[in-house]
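Trainee: Sequence:
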Amino acid sequence: MTDATTLLAKLVSFDTTSSGSNLALIEFVEHYLADYGVASERVMSPCGTKANLIARVGPDVPGGVMLSGHTDVVPVAGQPWSSDPFTLRDGGDGRLYGRGTCDMKGFIACALAMVPTWVNASLKQPIFFGFSYDEEIGCVGAPSLIQRFYEHYSTTAHVIVGEPTSMQPVVAQKGATNLRTTVIGREAHSSQVNQGTSAIHVAARLVTFIEDTMAALVEEGRVDEAFNVPHTSLHVGKIKGGTAINIMARECQFEWEIRHLPTDTFDEIYARFEAYCEQLSEELTAKGKTVEMTTEPLNVTVPGLADRDNDQVLRLAKDHLPSSCCQHAVAYATEAGQFQGQGLQTIILGPGSIAQAHQPDEYIETAQLYECTAFMQRLGQALETSYSG
Numbered sequence: 004m005t006d007a008t009t010l011l012a013k014l015v016s017f018d019t020t021s022s023g024s025n026l027a028l029i030e031f032v033e034h035y036l037a038d039y040g041v042a043s044e045r046v047m048s049p050c051g052t053k054a055n056l057i058a059r060v061g062p063d064v065p066g067g068v069m070l071s072g073h074t075d076v077v078p079v080a081g082q083p084w085s086s087d088p089f090t091l092r093d094g095g096d097g098r099l100y101g102r103g104t105c106d107m108k109g110f111i112a113c114a115l116a117m118v119p120t121w122v123n124a125s126l127k128q129p130i131f132f133g134f135s136y137d138e139e140i141g142c143v144g145a146p147s148l149i150q151r152f153y154e155h156y157s158t159t160a161h162v163i164v165g166e167p168t169s170m171q172p173v174v175a176q177k178g179a180t181n182l183r184t185t186v187i188g189r190e191a192h193s194s195q196v197n198q199g200t201s202a203i204h205v206a207a208r209l210v211t212f213i214e215d216t217m218a219a220l221v222e223e224g225r226v227d228e229a230f231n232v233p234h235t236s237l238h239v240g241k242i243k244g245g246t247a248i249n250i251m252a253r254e255c256q257f258e259w260e261i262r263h264l265p266t267d268t269f270d271e272i273y274a275r276f277e278a279y280c281e282q283l284s285e286e287l288t289a290k291g292k293t294v295e296m297t298t299e300p301l302n303v304t305v306p307g308l309a310d311r312d313n314d315q316v317l318r319l320a321k322d323h324l325p326s327s328c329c330q331h332a333v334a335y336a337t338e339a340g341q342f343q344g345q346g347l348q349t350i351i352l353g354p355g356s357i358a359q360a361h362q363p364d365e366y367i368e369t370a371q372l373y374e375c376t377a378f379m380q381r382l383g384q385a386l387e388t389s390y391s392g
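Just so we're aligned: 276 in the working numbering is position 273 of the sequence shown, and the numbers increase by one with no gaps anywhere.
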């Protein structure tokens with residue numbers, strides 16, 4: 004039996020940064036599963052350079068559990084790593100360092116490490132694996148995986164998305180959408196401000212409105228204290244524009260995001276921004292100013308995970324975790340809301356802390372790997388008795 008640490012070292016060795024391919028890792032997992040007689044199926048990306056993977060251990064019957072994880076990782080460029088990010092390093096401090104250790108190859112390694120046990124167990128319900136691509140750039144790969152899984156594998160399986168939660172069940176997450184707004188004004192000499200329209204000045208008003216919208220939502224009482232940021236958040240992360248200090252900028256572009264509570268929707272929040280753009284355009288046009296404002300999404304809206312329709316999967320998890328565990332809500336986005344949107348009971352539960360994700364010298368504590376593996380052992384034993392949650 005290959006242990007989780009050995010498997011994690013192999014998984015980390017594949018540079019699966021979202022800008023590249025994950026096929027080498029997928030091929031490794033396929034061969035690993037095949038060695039134990041487990042068939043798997045690729046669900047390819049439209050470009051053909053990436054793939055999701057679906058596999059089943061146990062009987063082809065209703066029910067069971069889907070263990071879901073993404074195979075891609077965020078870039079390491081520009082980060083001050085102490086060692087090669089794609090070589091697992093035991094720090095001798097109870098931590099294993101490497102890109103993706105906690106986000107989220109540690110979970111995948113724990114799941115794969117259980118395959119030899121599960122193929123020899125008398126499972127009454129199946130255990131599925133669903134490994135996706137391009138989660139880090141907007142949960143791009145999961146929709147095709149989920150559709151294939153729901154239509155050809157199971158409509159009743161419970162889903163555990165193994166993002167790092169320190170092995171505490173998470174029942175709610177925010178949705179997320181990334182956007183790019185481009186403002187086109189009219190160039191003029193900066194000494195003749197009445198002759199032009201500064202795209203930077205217009206963009207500044209939009210950026211201010213975005214922040215004001217977030218404050219307005221709080222004032223309206225749209226708050227959920229289960230989240231550490233208890234309201235829908237709007238944030239501008241990048242902005243660029245202009246060519247010289249003495250030229251009124253023709254163009255300014257900024258990239259921003261909306262992370263909405265499960266009780267809010269992207270459409271209703273974005274509608275406020277859209278209405279303000281129209282109002283501002285009319286105001287400037289009335290003053291003889293020339294301006295264009297366009298906004299495009301940079302990813303498909305990732306739906307939030309609501310704390311509902313999860314009684315069975317939550318009980319299944321809690322029954323096999325330490326009694327001290329308690330449920331949480333998180334502000335980051337995952338594929339869990341996409342599974343829930345398909346009608347599958349879903350929670351988030353995995354080893355490692357989100358505080359270590361995306362950081363230089365990312366790590367996972369070995370104790371978290373042991374805890375996750377122990378949980379999966381108990382989960383498998385429950386499915387031997389046809390446990391239904």
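The hints are simulated quantities; they were obtained by calculation from the structure and are not laboratory data.
Watch out, some of these pointers could steer you wrong.
[To be verified] Pairwise CB distance ranges, derived in the manner of DEER restraints: (1) Ser85 / Gly291: 28 to 38 Å; (2) Asp38 / Gly240: 41 to 51 Å; (3) Glu299 / Val221: 49 to 59 Å; (4) Ala377 / His34: 38 to 48 Å; (5) Leu301 / Ile250: 38 to 48 Å; (6) Thr297 / Glu214: 31 to 41 Å; (7) Lys292 / Gly346: 45 to 55 Å; (8) Thr52 / Ala370: 18 to 28 Å.
All values reported here derive from a predicted model rather than from experimental measurement.
Each residue gets a CB set at the ideal place from its N, CA and C atoms; glycine is no exception.
Trainee: Give me the numbers of the hints this structure contradicts, sorted from smallest to largest.
Mentor: Going through the list in order, the structure violates hints 1, 3, 4, 5, 6, 8 and respects the others.
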